[in-house]
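Participant: Sequence:
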Amino acid sequence: MTRIGVVTPTLNAERYLEETLRSIWSQASDEIVIDHVIVDGGSSDGTLAIASGYPSRTIVSTDDQGMYDAVNRGMALVEGDVIGYINADDEIGSGGFGLISEAFGHHPGSGWLCGRVEYIDGEGGVLGRMQPVRLSLPSYLALGWSCIPQQTVWARRSFWERVGPFDIAYRNCGDYDWYARALQIQEPLILQQVLGRFRLHPGMLSLDAEKMARESRMVQERYGHDDDLAGFVRGKILSLRLNARNPAWLVAKKRGRISFTAR
1 MTRIGVVTPT
11 LNAERYLEET
21 LRSIWSQASD
31 EIVIDHVIVD
41 GGSSDGTLAI
51 ASGYPSRTIV
61 STDDQGMYDA
71 VNRGMALVEG
81 DVIGYINADD
91 EIGSGGFGLI
101 SEAFGHHPGS
111 GWLCGRVEYI
121 DGEGGVLGRM
131 QPVRLSLPSY
141 LALGWSCIPQ
151 QTVWARRSFW
161 ERVGPFDIAY
171 RNCGDYDWYA
181 RALQIQEPLI
191 LQQVLGRFRL
201 HPGMLSLDAE
211 KMARESRMVQ
221 ERYGHDDDLA
231 GFVRGKILSL
241 RLNARNPAWL
251 VAKKRGRISF
261 TAR
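Oh and the sequence shown: position 16 is 16 in this note's numbering, straight run, nothing missing.
Keep in mind that the hints were calculated from the coordinates and are not lab data. Don't take every hint at face value.
Stated by the list, open to error - Estimated spans, in silico, between C-beta atoms of each pair:
no.: 1; residue 1: Pro202; residue 2: Glu31; range: 16 to 22 angstroms
no.: 2; residue 1: Gly53; residue 2: Arg134; range: 17 to 23 angstroms
no.: 3; residue 1: Glu102; residue 2: Pro202; range: 26 to 32 angstroms
no.: 4; residue 1: Ile237; residue 2: Gln186; range: 17 to 23 angstroms
no.: 5; residue 1: Arg134; residue 2: Gly98; range: 38 to 44 angstroms
no.: 6; residue 1: Glu18; residue 2: Phe232; range: 31 to 37 angstroms
no.: 7; residue 1: Gln186; residue 2: Gly42; range: 33 to 39 angstroms
Source: prediction; values computed, not measured. Just so it is clear, CB atoms sit at the ideal spot from N, CA and C, and this is done for glycine as well.
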């Protein structure tokens, strides 16, 4: 049996929350025990009513300092041997929790993992998929953006505590920073299956490209990115590997279907 702790930060998230909750709770079983904590920032729509229809625990936290602070609060409360967070407009991949449980069972030395992400539109239509590739901290920083899909990242509780919580100084790139710290310890175990679905829609936080670029540079400077020819080459090589590994994803980017990831 694996106990999986899931955190979801919400604020007026009624539009897609039902799909998110279904993707989580449809995977509960005798072998996969789920503890789900919703950290709500004071929603004024139907978010809390939707959440009340599921076994999730809802914590109202109107004084948090952004999404990453809310996730940190949820992580401190959620119970689980394996933990992670999913936003209120994204989804867990079908059968994802079983794959995660099996992977950690077969790889006791791995503290964290990620897998293939599926990009979807507002109606759930598939826009493309992306498979992560092996990478080092220097190449990850050189790329200039996080190629590790957050919707697929899960960690053992002990590894999360070793890396530490998200740095709430970041409003957009807390994941990029956390993964850099995690890479200082070990590379993630990479699964080939779809573990998460990332919904692209107008107004999403991830589309604030200017702020993301500024915070990405902050992360690069923090962890010693070499802004020279060698660093440039490392970034280009990783970009080529990602595109070679994911030709359909590359085509979708070129056609503008997944525009926010293009650099």
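Participant: List, from low to high, the hint numbers that the structure doesn't satisfy.
Facilitator: The structure breaks hints 1, 2, 3, 5 and 6; every other hint is satisfied.
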